[in-house]
Structures are given as C-alpha cells and as structure tokens.
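> Work the whole structure out from these sequences, hints included.
Number of protein chains: 2
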Amino acid sequence: MFVIDLMSRIPVYEQIIKQVEEQVLIGVMKSGDKMPSVRSLSIKLSINPNTIQKAYTELDRRGLIVTVPGKGSFVSDNATELVGEKSRGKIENLTEIITELAYAGVTKEEVIETVETVYKNVEV
Amino acid sequence: MFVIDLMSRIPVYEQIIKQVEEQVLIGVMKSGDKMPSVRSLSIKLSINPNTIQKAYTELDRRGLIVTVPGKGSFVSDNATELVGEKSRGKIENLTEIITELAYAGVTKEEVIETVETVYKNVEV
DNA sequence: ACAACTGTACTAACACAACTAGTACGGTTA
DNA sequence: TAACCGTACTAGTTGTGTTAGTACAGTTGT
Numbered sequence: 001m002f003v004i005d006l007m008s009r010i011p012v013y014e015q016i017i018k019q020v021e022e023q024v025l026i027g028v029m030k031s032g033d034k035m036p037s038v039r040s041l042s043i044k045l046s047i048n049p050n051t052i053q054k055a056y057t058e059l060d061r062r063g064l065i066v067t068v069p070g071k072g073s074f075v076s077d078n079a080t081e082l083v084g085e086k087s088r089g090k091i092e093n094l095t096e097i098i099t100e101l102a103y104a105g106v107t108k109e110e111v112i113e114t115v116e117t118v119y120k121n122v123e124v
Numbered sequence: 001m002f003v004i005d006l007m008s009r010i011p012v013y014e015q016i017i018k019q020v021e022e023q024v025l026i027g028v029m030k031s032g033d034k035m036p037s038v039r040s041l042s043i044k045l046s047i048n049p050n051t052i053q054k055a056y057t058e059l060d061r062r063g064l065i066v067t068v069p070g071k072g073s074f075v076s077d078n079a080t081e082l083v084g085e086k087s088r089g090k091i092e093n094l095t096e097i098i099t100e101l102a103y104a105g106v107t108k109e110e111v112i113e114t115v116e117t118v119y120k121n122v123e124v
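Those protein sequence lines, which keep their order, are chains F and S.
Going left to right, the first sequence walks through residues 1 to 124 as our numbering numbers them.
Going left to right, the second sequence walks through residues 1 to 124 as our numbering numbers them.
Calculated from the structure, these hints are not laboratory results.
Nothing false has been slipped in among the hints.
Now the stretches of chain S that chain F is said to cover, found in silico as 3 or more residues with beta-carbon under 8 angstroms: (1) 86–94; (2) 98–109; (3) 112–120.
Note that the Cβ used here is the ideal one computed from N, Cα and C, for glycine as well.
Here you go:
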C-alpha cells in the first residue's frame, strides 16, 4: 500500500501524505475508505507510531481524511476534489520545467510528443 | 546574482549550485566567466565561507567550474553542454507532472496551450 | 462488563545533516 | 610584501525528523 524510502531526504511522514494524495488522485482510494490504523501501519512499515500519527494529523488538518476517535480514519467526502485542486495548481511547475527544457534545447515538438503519449496512456 | 532562502528545506549550498546551473543554462553565465570568490560571496550573502566552498567544490567535481588555486574559479568550457544534458534528462519529470495533471482533470488542450505559451516567450 | 481495538497527548532523547566558527597553509598578483 | 585567491581541518551549534515509552479516552464485539 505504501512504500517508504528511509534514505530519502523527504521525511517519512511527508512520503505517507504524498502517497495518500496520489492514491486518492488516481482513484485507488475513495471517499469513505478506511485508512489503516496508526498502529497497524506503523507495524507494517516498521515505522514509529508517532510518525504515522504525524502524517494522519496533517492529512486530517488538510481535510483529506476524517478521524473518528475510537473508530479510525476514513478518506473524506471531498478528498478527491481537494487533491484535484492541488494538482491543478501545479500547472505552474509545468511552465517551469518546460522553460528549462526549452533552454536545454528540447524542441517544442518533442515536448508535445510527450504530452500526447501521456494522455494516450492515461485515458481517464 | 544569487538569491538564498535560509528558510528553505533545500540546503544553501545546493541552492547556490542550482542557481549557477540555471544561469549557465539560460546563458547569463558563460564559459570563462569568473565566479565570485568564496570569501566575497560569503560576505555578500552573509553565509559562512565553508558553505560557499562546499558549493564550489561540488560544482568543480561536476565539471561546471574550473578552479585555479590562487586565481579563482571560472565557468568551465563545457559547462553549457553539461547543464544542457542534465536538463534534457528531466523529460521524465515532465512525464510525471503531466500524468498528475491528467488525473487532476486538466485537459490535453490546456497542457499544450501551456507548452505553446512557454515556447513563444522563450524564443531562444 | 470486559478485552481488544481505535485515535490522541505528552515528555525525553536520539540521529543526522546543514551550517557556523576559527584557524592555518600554500599559490598568485600587483 | 601585502592582499588577494582556493583549500583543509577540527569543533561546536542548530534544527528537525524520528524514536521510545507511557498514559488517557472513545468504540466495538462478545
């Protein structure tokens, strides 16, 4: 479910947050789905419970999950919208990276070819 | 010349490296140009000389600058090619971000529009 | 009621990397 | 010779991610 890279510079709790966002985005996790419990996930990933909790607290703060004390955490109703909005905001990153590629000598045609390929493979 | 964000999670020395790469890429810095001295830059940016040195050592190791003891550091002859190659390698990042945008509901047309705009403004 | 879950709260300590501080050495230039 | 240049090294600080351990309260199913 989650793959953690302990050697990464990105903190474990952020890796978890990011992977939840991704899975919601691509539809693997859906509204109402139950998240693994803090303890079970901490055991599965061999990560301290506090670190998992930190990720869950932040996910709750962002509104991606809803936490019911004693019951567990669940993917919120508007989780999909939230990650969708966030991703759409990344169109600026797109501008940035294309600019860099342009300076590096990558032609417009190559970039567009890449765009075509991606959209062919996604087919939402 | 350089803008450092002390609050950033990216280490200062990496920020310097990245900015040198960028300036070489867009042609602001050219082969043979003299780099500011370790000491002068450390004063200008109010950064410890060791941190600047760390950036310069790494830039030298990567072949982006050539260091002549007693004289100073200079942008290397093949610096432009080096950063060009590196940036061209980022076409994978492009795939990644476009995939995310696709899932987020951004249409292919919007993405291509962005590509067109960038290439119009760059005009190398 | 009770055991076994759930999330939450808190303090203390560890580990690592970035960064700073200070000093010293050798080459180059005017 | 003075004033630059890069380099080297040790020591110490700082911040933050992470761990460790414990404790408390709500929910579930038997």
